[in-house]
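Participant: Each chain, written out:
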Amino acid sequence: GAVVSQHPSWVICKSGTSVKIECRSLDFQATTMFWYRQFPKQSLMLMATSNEGSKATYEQGVEKDKFLINHASLTLSTLTVTSAHPEDSSFYICSAGGLAGVGEQFFGPGTRLTVL
Amino acid sequence: EDQVTQSPEALRLQEGESSSLNCSYTVSGLRGLFWYRQDPGKGPEFLFTLYSAGEEKEKERLKATLTKKESFLHITAPKPEDSATYLCAVQTNTPLVFGKGTRLSVIA
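Those protein sequences? They're chains A and B, same order as listed.
In terms of the numbering used here, the numbers along the first sequence are unbroken and rise by one, the last being 123.
In terms of the numbering used here, the numbers along the second sequence are unbroken and rise by one, the last being 773.
The set of hints was computed from the structure by calculation and includes no laboratory data.
Listed below are several chain B residues computed to face chain A (Cβ distance under 7 Å; list not exhaustive):
#, residue
1, Lys707
2, Phe711
3, Gly766
Listed below are the simulated DSS-like cross-link pairs for lysine-lysine, each with C-alpha atoms no more than 25 Å apart in a straight line:
#, chain 1, residue 1, chain 2, residue 2
4, A, Lys48, B, Lys744
5, A, Lys48, B, Lys765
6, A, Lys21, B, Lys707
7, B, Lys707, A, Lys27
8, B, Lys734, B, Lys765
9, A, Lys48, B, Lys707
Here a beta-carbon is modelled for each residue, glycine too, at the ideal position from N, C-alpha and C.
Kindly generate the complete structure, drawing on both the sequences and the hints.
Facilitator: In structure tokens:
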């Protein structure tokens, strides 16, 4: 299957700071990537769909000004958590794959964000 | 609204004790049903894609089947390394909709 990487794998930051998470598709070009967050013992919650060269599509209830998504190339999407607060602490996972996002998705290893 | 329900929430098996995990769905226009395995602190690992009722896929001790209303993930003679959370997801005209998963524990 396709390989998706994420960086960093974990990050600890102070409240009020911004954190950037990178998602890369290593062996294929992804016009569409997805960002999820996952709380302990919960399933994945889709945050937004990232489209190369255009604005991201956010799910209802997700603040687009707080979670900035940039998909500048066919292999890289970034998620920036701005002015992070403790309630933003979570496991963030990206995925890519399929044609225009249709078909099986391949997931990155995830990024554990802890906001103090 | 598309819905995916997985059962049981948790399952504890002895090594070698075969069982099945269920994923029932209510969607309009199924384009695909996916099974993933997720280990603690890691991203989901792709297992299978099923597209139409009657389809079956196998991989080692795992076999996935699909009907018009549900999918089963059969685990034959499981081993402790099969312990993980198994996630089911469906795709219609929107991005994947995930179930809450089944936490499987296989005891030696």
